[in-house]
Amino acid sequence: MIRLGEMMMILELHRQGVSITAIARRTGRDPKTIRKYIERGVEAPVYGPRQVGRPSKLLPYLNFLRERVTAFPDLTASRLTREIREMGYMGAYTAVKRYLAAIRPENGPKPFEVRFETPPGVQAQVDFARFVVHFTDEPGISRIVWLFSLVLGHSRFLFGRYVMHQDLQTLLRCHMMAFE
1 MIRLGEMMMI
11 LELHRQGVSI
21 TAIARRTGRD
31 PKTIRKYIER
41 GVEAPVYGPR
51 QVGRPSKLLP
61 YLNFLRERVT
71 AFPDLTASRL
81 TREIREMGYM
91 GAYTAVKRYL
101 AAIRPENGPK
111 PFEVRFETPP
121 GVQAQVDFAR
131 FVVHFTDEPG
141 ISRIVWLFSL
151 VLGHSRFLFG
161 RYVMHQDLQT
171 LLRCHMMAFE
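Every letter in the sequence shown is one number past the one before it in the working numbering, and letter 148, counting from 1, is 148.
If you are wondering where the hints come from, they were derived from the structure by calculation, not from laboratory data. Just so it is clear, the structure is predicted and the values come from calculations on it, not from any experiment. Backbone N, C-alpha and C define an ideal beta-carbon position, used for all residues, glycine too. Treat each hint with caution, since some may be false.
As the list claims (entries may be wrong) - Computed Cβ-Cβ distance ranges for the label pairs, DEER-style: (1) 58 with 156: 43 to 49 Å; (2) 179 with 131: 20 to 26 Å; (3) 122 with 71: 48 to 54 Å; (4) 38 with 74: 55 to 61 Å; (5) 62 with 162: 50 to 56 Å.
Make the full structure from the sequences, and use the hints.
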């Protein structure tokens, strides 16, 4: 069995017209294996119907919990677990916590990030990201490659370039390329 990334590479090479033998040589796999995966292609996984599990221990207490949360939205899961345990609940605290998270009234959407807007031409954000790459023309040797990225504050235009160094000369050269 091969990994998804390798299978995608095999299919892409085949799509580009590379022969099965050449793909086998490149990947170190048997040509029959390459042929099998090319014929199979990539298919979406087929999932069977979900297995119906045992009934929830929380089921007899759902109406009680819903009423309590509707009346008092700030009640904690531990407090409500204590209350239903006094009524005979034998299940786990996490089951109560999960159920309460699903039924609690929302306090409004929580913003993922606070954005600040800038006028055109005022701001850009620059960063380098580090990647360790294994090139096929140098087997066994890994190199560090840097991704220079520049995002303009107003338009969110993104410029990216892979470079071998993270020095001032490279930084200035990448800035100039970004604005050409």
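Here is what the structure says about each hint:
1. 58 with 156: 43 to 49 Å: 45 Å, holds
2. 179 with 131: 20 to 26 Å: At 24 Å between Cβs, range holds.
3. 122 with 71: 48 to 54 Å: 51 Å, holds
4. 38 with 74: 55 to 61 Å: 60 Å, holds
5. 62 with 162: 50 to 56 Å: 55 Å, holds
In the structure shown, no violation is registered for any of the earlier numbered hints.
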